[in-house]
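Given chain E, work out where chain B should sit, using these hints.
These protein sequence lines are chains E and B, in that order.
The numbers in my numbering rise by one with no breaks, and the one at position 299 of the first sequence is 299.
The numbers in my numbering rise by one with no breaks, and the one at position 319 of the second sequence is 319.
Since the hints were made in silico from the structure, they are not lab data.
Note that this is a predicted model, so its numbers are computed, not measured.
Among the clues, some could well be false.
No copy is singled out in the list; a pair is fine if it fits within one copy or between any two copies.
What the hints assert, rightly or not - With a cut-off of at most 20 angstroms between alpha-carbon atoms, the simulated SDA-like pairs for lysine to any residue come out as follows: (1) K320 / V123; (2) K230 / K320; (3) K127 / V6; (4) K281 / R200; (5) K127 / I95; (6) K245 / A187; (7) K143 / S35.
These are the residues of each chain, in order.
Number of protein chains: 2
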Amino acid sequence: MEERAVIDKIKHRYLHQAEGLLKGIGDDCAVISDSGSLCWLLSSDLLVEDTHFRCSWHDPFLLGRKSVAVNISDIAAMGGTPKFLLTSLVLPGHISEDWLDRWQDGVQSMLTEHSCLLVGGDVSGGKQLVVDIMVIGQMHPDKVVYRSGALHEEDIYVSGNLGSSAAGLALLQNEEYDWSEFSEFIAAHLNPQPQVEIGRFLAENELATSMQDLSDGIATDLSHICTASKITGIIESDCIPMDGKLPQVAAKLSLDPVELAVYGGEDYQLLFTAHPDNREKIQSVAQQTGVQLTKVGTTFAGPPQVFLESNGRRTDISFKGYQHIS
Amino acid sequence: MEERAVIDKIKHRYLHQAEGLLKGIGDDCAVISDSGSLCWLLSSDLLVEDTHFRCSWHDPFLLGRKSVAVNISDIAAMGGTPKFLLTSLVLPGHISEDWLDRWQDGVQSMLTEHSCLLVGGDVSGGKQLVVDIMVIGQMHPDKVVYRSGALHEEDIYVSGNLGSSAAGLALLQNEEYDWSEFSEFIAAHLNPQPQVEIGRFLAENELATSMQDLSDGIATDLSHICTASKITGIIESDCIPMDGKLPQVAAKLSLDPVELAVYGGEDYQLLFTAHPDNREKIQSVAQQTGVQLTKVGTTFAGPPQVFLESNGRRTDISFKGYQHIS
Chain E
1 MEERAVIDKI
11 KHRYLHQAEG
21 LLKGIGDDCA
31 VISDSGSLCW
41 LLSSDLLVED
51 THFRCSWHDP
61 FLLGRKSVAV
71 NISDIAAMGG
81 TPKFLLTSLV
91 LPGHISEDWL
101 DRWQDGVQSM
111 LTEHSCLLVG
121 GDVSGGKQLV
131 VDIMVIGQMH
141 PDKVVYRSGA
151 LHEEDIYVSG
161 NLGSSAAGLA
171 LLQNEEYDWS
181 EFSEFIAAHL
191 NPQPQVEIGR
201 FLAENELATS
211 MQDLSDGIAT
221 DLSHICTASK
231 ITGIIESDCI
241 PMDGKLPQVA
251 AKLSLDPVEL
261 AVYGGEDYQL
271 LFTAHPDNRE
281 KIQSVAQQTG
291 VQLTKVGTTF
301 AGPPQVFLES
311 NGRRTDISFK
321 GYQHIS
Chain B
1 MEERAVIDKI
11 KHRYLHQAEG
21 LLKGIGDDCA
31 VISDSGSLCW
41 LLSSDLLVED
51 THFRCSWHDP
61 FLLGRKSVAV
71 NISDIAAMGG
81 TPKFLLTSLV
91 LPGHISEDWL
101 DRWQDGVQSM
111 LTEHSCLLVG
121 GDVSGGKQLV
131 VDIMVIGQMH
141 PDKVVYRSGA
151 LHEEDIYVSG
161 NLGSSAAGLA
171 LLQNEEYDWS
181 EFSEFIAAHL
191 NPQPQVEIGR
201 FLAENELATS
211 MQDLSDGIAT
221 DLSHICTASK
231 ITGIIESDCI
241 PMDGKLPQVA
251 AKLSLDPVEL
261 AVYGGEDYQL
271 LFTAHPDNRE
281 KIQSVAQQTG
291 VQLTKVGTTF
301 AGPPQVFLES
311 NGRRTDISFK
321 GYQHIS
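If we strip away everything but chain E, and leave its shape as in the complex, we get (with noise of 0.2 angstroms):
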């Protein structure tokens, strides 16, 4: 079974609707609200070991870190601010405390950052280390961006750059590599970022018709967006916002510099539509938050599919691409 086929089936159970729920499965998060003025988030990442990531590549520090700004980022793909999070840990025996002290020191440093408090969570011995983190956001209930709100004729966003963490991916694998002139590419591996400050801004200021984040790479995320949205996506190779250096990794991997823009993943950036209308603030925003934001391509009405236009070429790459590093 494929991860996907597997969250396809659960997610076809489950799909009713309840008092207090706005959103069920099938989103970045779930949405629930009481009679307050305010809704809350929930979302859950699972990273387990050999799976989504190697403790000797990944620091227990930047490891801490980089299992909240996963689920950070959920919260940030609907426009909200991230409040509680609750741990779960399964520690195998070669977990030591110092590790697990460098670990909590990583969660704390992105909990400060976001002003976010760790509430509570399990801890379990195991075969192998498993970190689950479900983290709660807040947000107005009128200002939620989902996924199924783009409309055909819209403009198709990507903040920061692309590949960069599937570079840095395919650089710690070639470990016979000195990669100290590419740092940058492992950090945004090994420690990525959530865009919480500019998804608030789109979501605050009604400027995005839908957003997700770029976990799994904009082939599959943007299909995800083209379901819901029940549209066509096309992005245009020439307009991926890729970092300088890219090129010159890809080519001593023997890779291709778009493949790793498009189909790699955990680059955590935010993926949006918006109206054409709002091209000239979405740009203010841009400048405002020091956040790059690229226009990679457009939407069509027609079935739920994305292209990848190239050369005047059009390559149907729905839900292609990543499968993390198992």
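This is chain B only, laid out in the frame that chain E set:
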């Protein structure tokens, strides 16, 4: 590192307060609130293969039920109503699609019994089956029953019988033994029932001054209450409620029935304290709900310790007992 040492370490690093946080680490649930009239209860519980369960004993349907039950039990322990669930699954190669279907049937059956909804989660491959569930409950913030509310000279109660789950586990561990005549003990271990109704009733009527669920045995779980409430607890051995057949099972297994009841975990009954003036009201709750409620001891002014009184002798049993099947 023992599980409790790890939790203590984490707890002492994160004892912060924040707006909207009514209770952080240190109770059955974290409690958060926005401007609404109700608050939310948050808890997560890990079940790890070969630490908390064995696939050879645990039918996937019953494991699905128990995965949810142990989490809902934490909501019951605060007096709340479970509302939403997130499930994270690490699936090793030996888990078939059929197994997963039946596990989900079990999850759904327990959710349906409690009008609770699955709203999210995550799935990953891995070496060992891990189920991590996060449950979100709801209640009135003024009615939440914390571990810290017990005063001295109060009654200590438990719901149901103690030791049945531990006896069931001991029977399962004795693989050559035919336990068909003791199937109720096997059921107590494999298919526990969270005591939501009684917890809610006690909270809404302000009858319990402190409460917690019995997951690690009364010796340990009452120690949590005594530590949080800064009191001494004394349990009277003769008052502990047991299934009428527990002595017979214990004799077959060469175990002491009182030890099973005091140190055995996973009964998922409720443990609570109450003012002696409420004895009649509590017995009328028992009659209305059909759930047996038994006074097993008394609290005293003193250091945070738990004693077992038997034949005029007092033994310190603070934090003694259950460590799951590992």
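Structure-based check of all given hints:
1. K320 / V123: Answer is between: at 18 angstroms across copies they meet the 20 angstroms cutoff, but 35 angstroms inside does not.
2. K230 / K320: Answer is within: at 18 angstroms inside a copy they meet the 20 angstroms cutoff, but 58 angstroms across does not.
3. K127 / V6: between (23 angstroms within a copy, 17 angstroms between copies)
4. K281 / R200: within (15 angstroms within a copy, 51 angstroms between copies)
5. K127 / I95: both (11 angstroms within a copy, 16 angstroms between copies)
6. K245 / A187: Classified as within; 14 angstroms inside a copy, 61 angstroms across copies.
7. K143 / S35: So K143 and S35 pass the 20 angstroms test inside a copy (16 angstroms) and across (17 angstroms) alike.
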